[in-house]
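Undergrad: Next come the chains, spelled out residue by residue.
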Amino acid sequence: MTASSAPFTPGPKIKEPRIRSGRLRPGAEQWSWRFMRISGPLLVVLILTHLFINLLTGDGVNQIDFAFVAGKWASPLWQVWDILMLVLAMLHGGNGMRLLINDYAHHATLRKVLHSALGVAVIGIIVLGALVIFTFDPCPLDADPSLLPSFCEDVR
Amino acid sequence: MTATAESPAVGEVKAMTVTLRILRSKPEGTDEHKPGEQYWQEFQVEAHATDRVLDALHKIKWEQDGSLAFRRSCAHGVCGSDAMRINARNRLACKTLLKDLNPAKPIIVEPIKGLPVEKDLIVDMEPFFASYREIMPFLMTTGNAPARERLQSSEQRDRFDDTTKCILCAACTTSCPVFWTDGQYFGPQAIVGAHRFIFDSRDEGQWDRLEILNDKAGVWKCRTAFNCTEACPRGIEVTKAISEVKHALTTGEF
Amino acid sequence: MTHHEYDVVIVGAGGAGMRAALESSQRARTAVLTKLYPTRSHTGAAQGGMAAALANVEDDNAEWHVFDTIKGGDYLVDQDAAEILCNEAIDAVLDLEKMGLPFNRTPEGKVDQRRFGGHTRNHGEAAVRRACYSADRTGHMILQTLYQQCIKQEVEFFNEYYVLDLILDSDPQAAAEGEDVSVAGVVALELSTGEIHTFSAKSVVFATGGAGKVFKTTSNAHTLTGDGMGIALNAGLPLEDMEFFQFHPTGLAGLGILLSEAARGEGGILRNSEGERFMERYAPTIKDLAPRDMVARAMANEVREGRGAGPHKDYVLLDLTHLEPAHIDEKLPDITEFARTYLGVEPYTEPVPVYPTAHYAMGGIPTTVQGEVLRNNLDTVKGLYAAGECACVSVHGANRLGTNSLLDINVFGRRAGIAAAEHAVATAEAAAFPDDAAARVEGIVTRLLGTVGGSGTERVAEVRKVLQETMDRNVQVFRDASSLEEATRVIAELKERYQDVAIHDRGKRFNTDLLEAIELGFLLEIAEVVVAGALARQESRGGHYREDFPTRDDEKFMHHTMAYATGDGVRLDTKPVIVTRYQPMERKY
Amino acid sequence: MWMWVVHRVTGVAIFFFLLVHVLDTALVRVSPEAYNEVIGSYKTPIYGLIEAGLVAAILLHAFNGLRIIAVDHSTWALRHQRQLVWGVWGLFGVLMVPFLIRHLGHVFGGA
Ligand SMILES: Cc1cc2nc3c(=O)[nH]c(=O)nc-3n(C[C@H](O)[C@H](O)[C@H](O)COP(=O)(O)OP(=O)(O)OC[C@H]3O[C@@H](n4cnc5c(N)ncnc54)[C@H](O)[C@@H]3O)c2cc1C
Ligand code: HEM
Ligand code: SF4
Ligand code: F3S
Ligand code: FES
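Chains as they are written, first to last, in our numbering: chain A, 1 to 156; chain B, 1 to 254; chain C, 1 to 589; chain D, 1 to 111.
Some clues are possibly wrong.
[To be verified] Dumping the calculated DSS-like pairs for lysine-lysine here, alpha-carbon to alpha-carbon at most 27 Å:
(1) C:K508 with B:K113
(2) B:K14 with C:K313
(3) C:K465 with B:K59
(4) D:K43 with A:K72
(5) B:K99 with B:K14
(6) C:K495 with C:K465
Bear in mind the hints are in silico, worked out from the structure with no lab data behind them.
With the hints as constraints, model all of the structure from the sequences given.
TA: And the structure:
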């Protein structure tokens, strides 16, 4: 067997820089990285407060029931708080899961399937959560009044 | 490190028996093992506390089993041939003294992880060097070169001094958990190699390299696991270099 | 077996090989064959610097550099070659800088320079700052920079290919004077497969580096086994001046790991057990910065006369404790780290135990200043070139000055690369490549592998150990007739035993056991030539010191040694030294 | 390295919990009975323990996330990342112990 001997073209193969100056546009991976770092600290505030209120004040877990939730969401502050937390957490967690899939799913189709499933889940959950929070009725008419927050009596 | 009273090079250092547990494999197989199958084998050698792991490996190869395969050349930590996993950490066998390892217990020696194993402690380095070539590790300039040297202040040179020390041993890249998971990551060494030029005041190709590192397989894959920094036998602050490249990408500052 | 065809084949990817490749690959189809990945070459271990009279920090010029080189080499230097070396030095450094080499800088941003042994101002007046450097890893930076440029130029490397034979179109010893002998190619073993490859080429450049492993205590890598020299010798070519081997004064005691002369260039001082700065007695003007042969002998002498330090009084001390730690960290970070790692000594506060270590082969494959290999005193082999430590131009004569070797590999590596490519371009057809070219290598491999499983009785490592210990004991800094005769006897015996060595690895792939055995063959041949030359040279000059003939004898020995391997032993011849401007004088510092 | 594993595992755990958590909370739209029924099951000791684990995961992930961000932005943090790891565990412990006392009190103590 003889290895190829293609004709030689002399002359240096000099590489010159192509991108002369200026900044690059941050690619998708860079945005993802930045987003993780921006959403992280926000989530610390949002989630820790959430946990504190739900689990440590008052009766802790035991206080959580329909009335408790309804009571909270009656205030627009908690509505915004929770929706923000939901969206950020899902995007942050979803993006984190995407990174994991990239790392571990080596097969192209498997990766596609997982990515789609993840996308559906994230969007689905965000939409669902938003609907729940914004269309939430703290005093449904057909419900057992004892389960409702106390202010519902005034509404009736 | 504290100094010892008597110089170990000449003082009477007691000989002792150490056990090495080596992860072996033979491309052609052996009577007991299939080709490429990895198996453990223990060896006992007489050694001194001041001996290097490389000396112990040589003793095995030279006195007990000539088929033990590993790479080595300089024997003092400057050529980068003998990176291997010793007691679960990537190190150079020639820079690791037995006395720093607790010779009372077997010393576990494995090939570095994440590159295809060829034979015993030898791995295929080609993917590693391919990543290095990918980031264009050479000075890029425009215009005509000056008659004399390009000027550079000591401060400008200090900016990238750390990453010029790299000996391409692959200890960093093959200790990185992200590199293990997918193998698409360029790995920390390639970023170190790029850093050496990106922060060289004489170089004008920094944006070309940054563009490559901005991509999927580039710096954003790094999860700051710090294994690379801990593994580097040249004491290069690898994670810092990576962080500086990220910083250059996000801020445009060098 | 695979056959390849190239215009130029370069053997070795150290500094010399890659510098040649950069030139050659621009002009002709070039392949670089190397037994190590290029960046593992031992050029990367070089520490101190690369000499060039840039005059960036103080008055200097190339003519002074020429003089120092010749005087340092104890007048055995070919002076025309030394002039080329020193005149082209400045461009060699500037070229490297333009390739991106990160030299240390002066306050004005120029390449900084430091003092080094034997480099002086105005013909020996005082030490001069001539060594361009990058901390204490100049060689590392050179190797990396050249490799990076090779990547840029897309040089074709064959990594982990062991070249084991050189193919010429006729027997160079049988050919008459003036007759043409041409190179045809090389034969190599691919480590990863065990396969034999043949390369036919119009030009071949040897750049395989040194042979320090003939000694036990050495600064050289395990892989520096003199393959290129051994191959040339086996092909019927001579080796020049092999008896001149440099022993570097400051190897870590007991280990041989080098502490660069830069340690003394930056102010380090050698002391004996009494704390005396003994070099003041041996070289009153430049003291610790005298040429290496003188310092190494002075150290060995101190030890011999009972002024050695340590429990066995068998080393001297390199004292850096008076230097600022910050200064040490900036200029000598790596070597101080070696002292800490391998000896557990803290150089900030304690002196470091040092003793001479086998370091550099002044001799090698004889070449012209274009890098063409000589097959006798006059004729070159067409298309065959050599450069770097494996070659002998001879710019180092009987003793190389520190920092002149990194210079040598760049200047003569470049020249050999250009000459090889130009020869290839001018040559229409490569010399016919014989069908049985690989026969010799196949024979060796088959014979060695044939011993697998028992027919051989000798261990490679054992034979090598005896060789190295013999060389350390008898052919080191001090030599005399009886020690050299002893060495001759032992080597002859070892060559016998070598015929009987056994290989334990039965595999084809990555059979490093087999390769160590082959390398041992080269070591034995080279040791034989070194000892033969040393025995015949009944004088003391540069790195070669005969206790029974302690002075230089210009009358009888002002010539190069040319050693040929014949069927029965080494045949020695001489070659005149080329003198242009400087007549031999006594060497005093 | 180990913190990287911890961060990954906790991140994934939180993600899946969040999926479930949003789904169950969505039941408030179905009817108060349905919601309270599911939430009621959260009040069992077993679920209480899971919840404690979740809080632990969130705290660890959060503090370690802050450590990562600090390491990305400051050389000091980068050079002291090992100490910061201890800091993360320290802070985690300081917050976790009182939380556990109180939370497990709620869970097991009933009310
Ligand atoms: C510790 C140390 C410090 C030094 N410091 C200095 C200094 O400060 N200044 C100075 O001027 N000089 C110094 N020197 C000397 C100088 O570094 C060397 O002489 C020089 O680097 C040799 O370069 P080279 O290219 O000839 O060989 P090397 O760099 O040794 O390269 C040899 C090449 O040949 C290849 N090779 C060998 N055999 C084969 C084969 N059979 N088949 C295929 N390939 C083969 C190898 O793979 C390698 O690539 C120092 C030397 C040492 C050991
Ligand atoms: C509480 C505040 C939080 C902070 C400060 C935080 C911080 C971070 C940071 C900085 C990263 C990037 C790590 C890196 O690039 O190396 C990250 C990754 C991740 N986060 Fe969070 N996070 C928080 C909450 C969450 C939540 C609520 C979830 C789940 C929904 C989550 C899931 C993940 C996942 C899955 C990853 C990817 C892990 C990986 O790639 O190894 N995080 N987090
Ligand atoms: S950065 Fe360090 S560990 Fe990585 S290849 Fe270079 S020297 Fe080796
Ligand atoms: S180990 Fe890997 S994840 Fe980053 S810090 Fe080092 S490259
Ligand atoms: S043998 Fe060169 S680095 Fe270990």
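Undergrad: What are the numbers of the hints the structure violates, in ascending order?
TA: none
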